[in-house]
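Residue numbers (our numbering), protein chains in the order written: chain B, 132 to 388; chain V, 98 to 372; chain Y, 10 to 268.
Errors might be hidden in some of the hints.
Said to hold, decoys possible - In silico PhoX-like links for lysine-lysine, alpha-carbon gap of 25 angstroms or less:
| no. | chain 1 | residue 1 | chain 2 | residue 2 |
| --- | --- | --- | --- | --- |
| 1 | V | K168 | V | K208 |
| 2 | Y | K63 | Y | K51 |
| 3 | V | K204 | Y | K51 |
| 4 | B | K133 | Y | K159 |
| 5 | Y | K159 | V | K202 |
| 6 | V | K353 | V | K320 |
| 7 | Y | K159 | V | K168 |
As the list claims (entries may be wrong) - If the Cβ cut is set under 8 angstroms, some of the chain V residues that face chain Y in the computed set are:
| no. | residue |
| --- | --- |
| 8 | V110 |
| 9 | Y111 |
| 10 | P172 |
| 11 | E182 |
| 12 | R185 |
| 13 | F188 |
| 14 | P189 |
| 15 | W190 |
| 16 | Q203 |
| 17 | V228 |
| 18 | W233 |
| 19 | W281 |
| 20 | Y346 |
Since the hints were derived computationally from the structure, they do not count as laboratory data.
Keep in mind the model is a prediction, meaning the values are calculated, not measured.
Where a beta carbon is used, it is the ideal one built from N, C-alpha and C, also for glycine.
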Amino acid sequence: MKGLNTALGAAGLAAFLALGEVVPRVGIVKEAYFPPTSRIASAFWDELKDGAFWSALGDTLTGWALGLAIAVGAGIVVGVLLSVVPHLREATASTIEFLRPIPSVALIPLAVLLYGTELKSVLLLVVYASFWQILIQVLYGVQDVDPVAEETARSYGLGTWARVRHVLWPSALPYVMTGVRLAAAVALILTITAELVIGAPGLGATIAVAQASQAVPEMYALIVVTGLLGLLINVGARTVERRALAWHQSVRGEVAV
Amino acid sequence: MHALLDVSGLNKVYEGSGRRVEAVRDLTFTVDAGELVCLVGPSGCGKTTLLKCMGGLLTPTAGEVLLSGQKVSGPPPGMAFVFQEYGRSLFPWMRVGENVELPLKQKALSKARRRELVADALESVGLTDAVGAYPWQLSGGMQQRVAIARALAYEPDVLLMDEPFAAVDAQTRADLEDLVRGLWRERGITILFVTHDIDEAVYLGERVVVLSASPTVVQEQLKVDLPVERDQLHTRVAPRFAELRTHVYEQIQAAKRGTLPVQDRLTKTDTPPLR
Amino acid sequence: MKRTLLRVLFAVALPAVLVALWWLASDGSTDVYWPPLRTILKTFPDVWTGDRLKTDVLPSVLRLAAGYATAAVVGVALGTVIGSYRRVRAVCEPVLEFLRAVPPPVLVPVIMLFAGIGDTMKIVVIASGCVWPVLLNTVEGVRAVDPVMKETALSYGVTGVARLRTLVLRSASPQIFAGLRQALSIGIILMVISEMFAATDGLGYTVVQFQRSFAIPDMWTGILVLGLLGFLLSVVFQVVERRVLGWYHGLRAASRRSP
């Protein structure tokens, strides 16, 4: 069964690539706008040989990783704090509900003014967007803590810090991992966005340049790279999630925010 | 006179991932109109498979099921099915009334007639007040009543019930058993009731069909000659009840061990031993 | 009475404090990038006149609505087909996983190639970014319809369109709404970016213009409007979701009470 599905999937992919080759050549769409798969593939190969490409990739990954790390750290700390200090969560609920849906792209003009094309403008956007993903999931996770476990811990005289370590954290961990996965995807989107729109160094900027200079196959090749990057991050995040939670009987479905 | 339901030579084999499981080998029996027949057998003997084949939800590998002489090849409009998992059979996004009404929309009936059938069915199960509630607001027993009401409103010729009370507590089960018998007597529907509970089978049924262990065949059929009027208190302590029940139990034990020879095709038998 | 008062107090307290802090901290500010809150609020009605709302905000919102609606319809329709047939899903899965992993903003330069910089481009960009969460969540939701419910529908002869309408889509609706929610965030991002990148009108365009011409208080009002828009759309979405999925919240609450 599984073998058959993999085969079907591979067939689907092959068909997609074949269509990508045939449709532009036959003339259904303009070749100038949709280069055939083979042309994109060769541009892809050229990029891999280009040093500038690798440096751009490095810049993107740096922005992504740094922004994600800051967001995860801040999100967890704030999340735990809000859950542990009595009444703080209620007091902050309205503020969170208001700030959360603010699109981080609204901050782009501000970022440009403050930091221009430095890494910091990328970080501003990435951290702002990813932070909320983590925070929301941490709050969900804490909400889901088994009240019986919590009371048991309290009755055994465990102090706040001990309760956080032994009851709160393990229960919330699956949610935190979901949050990290969602935040990782969001972080990539915002990194590329910042580079694309602001011009900070990275894959996004290279794509903008390719578009401006009408280097169409190169543009598509770079887009494929971002897609592969996104795929890798998704798969990587899921693997980490599975490993970290191998001991945890997680029967939740994915709750999208 | 031919029977309402005619099962002959029913055979079902499951094939998958290299394994071949013969769930049902050869089942043959009939059900006349207006009967209340209970099927019992050891666990895993394919009772659910049999019922689903009869209801057209599964296609048999061999043999056939005839409803009023017509071959059953898909769920026929004359049959209604009551599942064991009531919580997953009622649609949680619809209220009770809408759930009961849903199958009626498939039949070309006027709105007024549908309303009438729904009200009537809910009244028979004692849930007229619950028409506007959501299923998940009700207890397990009440949800199963709704499922029964839904089947009743459909006005089927045959009601197939697949261990409907297995997931309900004992007291509720007793009430529901009486409800089913009451409905059967009032409306004269034909009911085929599958259960693993021997007491329930003897208490409810006019006839009990005992199935063997897998690969399943009909082990025995026996007529329950208890009075038509039954109640939980008195019937269950009647000596005749105990005899019948013990006999069925012995049959099932033997079926599990595979010791007793299997009987040939018979329509009805009268085999309770005389002590 | 006391409880409602307390709840209102909690809801309002922190925001009020934060706004007050912002006001006070920025009051005497001469920093170009951080004008006093007082100035920002004063500039607000001057910048966002009824006229501008019509020429910039309205087109943006309409484009968002068009792109979002297209994505929703296409996503649910395709998702239902793909989710209903196991083989189709197997064939499509790798391609879909790849396409959805592409960060939506990179589509802007591509789509600009053949769609120019007009309304069509923006709507296409928004639609092509929003469709993925809707599509994939619909596939998931349709796939996961309870088999007992499917058998119930089958046994009562509920097939075809009736089955889709009363069973499949309703059962999948919580998952579909999760996808619609993600799509909304992406849609707003794409709306703004497509306008910042290449446009002649719109919210994003306006804010970038302010930034480029160093009209800083105006820029800040623009950021506030964007924030407000995001907030309002989120509220509207939640209201709609609560009505459509009322049964689902009730069901979850009931099953949490008695596992």
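Structure-based check of all given hints:
Distance check on the hinted pair: K168(V) and K208(V) sit about 31 angstroms apart at the alpha-carbon level, beyond 25 angstroms; violated. Proposed proximity of K63(Y) and K51(Y) is supported: the alpha carbons are some 21 angstroms apart, at most 25 angstroms. Restraint check for K204(V) and K51(Y): the C-alpha separation of about 67 angstroms exceeds 25 angstroms, so the hint is violated. Between K133(B) and K159(Y) the CA atoms are separated by roughly 24 angstroms; this keeps the pair inside 25 angstroms, and the hint holds.
Between K159(Y) and K202(V) the alpha-carbon distance is near 17 angstroms, which keeps this suggested pair within the 25 angstroms criterion. Between K353(V) and K320(V) the alpha-carbon distance is near 22 angstroms, which keeps this suggested pair within the 25 angstroms criterion. Between the alpha carbons of K159(Y) and K168(V) the distance comes to roughly 23 angstroms, so the proposed pair stays at or under 25 angstroms and holds. A cut of 8 angstroms between beta carbons decides the hint on V110(V): the least distance to chain Y is about 20 angstroms, and the hint is violated.
For Y111(V), the interface hint is violated, the least distance from its beta-carbon to any beta-carbon of chain Y being 16 angstroms, above 8 angstroms. At its closest, the beta carbon of P172(V) sits 5 angstroms from a beta carbon of chain Y; the interface hint therefore holds under the 8 angstroms criterion. Interface restraint check for E182(V): the shortest CB-CB distance to chain Y comes to about 5 angstroms, inside 8 angstroms, so the restraint holds. This hint holds: R185(V) has a C-beta 4 angstroms from the nearest C-beta of chain Y, less than the 8 angstroms allowed.
The criterion of a C-beta within 8 angstroms of any C-beta in chain Y is met by F188(V), whose closest approach is roughly 7 angstroms, and the hint holds. At its closest, the beta carbon of P189(V) sits 5 angstroms from a beta carbon of chain Y; the interface hint therefore holds under the 8 angstroms criterion. With a cut of 8 angstroms, the hint placing W190(V) at the interface with chain Y holds, because the nearest CB-to-CB distance is about 4 angstroms. Proximity of Q203(V) to chain Y holds as hinted, the smallest CB-CB distance being about 5 angstroms (cut-off 8 angstroms).
The beta carbon of V228(V) is not positioned within 8 angstroms of any beta carbon in chain Y (closest approach about 16 angstroms), and the interface hint is therefore violated. Annotation: W233(V) was flagged as interfacial toward chain Y, and the flag holds, the nearest CB pair being 4 angstroms apart, inside 8 angstroms. The interface hint given for W281(V) is violated, since its Cβ lies 20 angstroms from the closest Cβ of chain Y, which is over the 8 angstroms cut-off. A cut of 8 angstroms between beta carbons decides the hint on Y346(V): the least distance to chain Y is about 30 angstroms, and the hint is violated.
Hint check: violations occur at hints 1, 3, 8, 9, 17, 19, 20; the rest are consistent with the structure.
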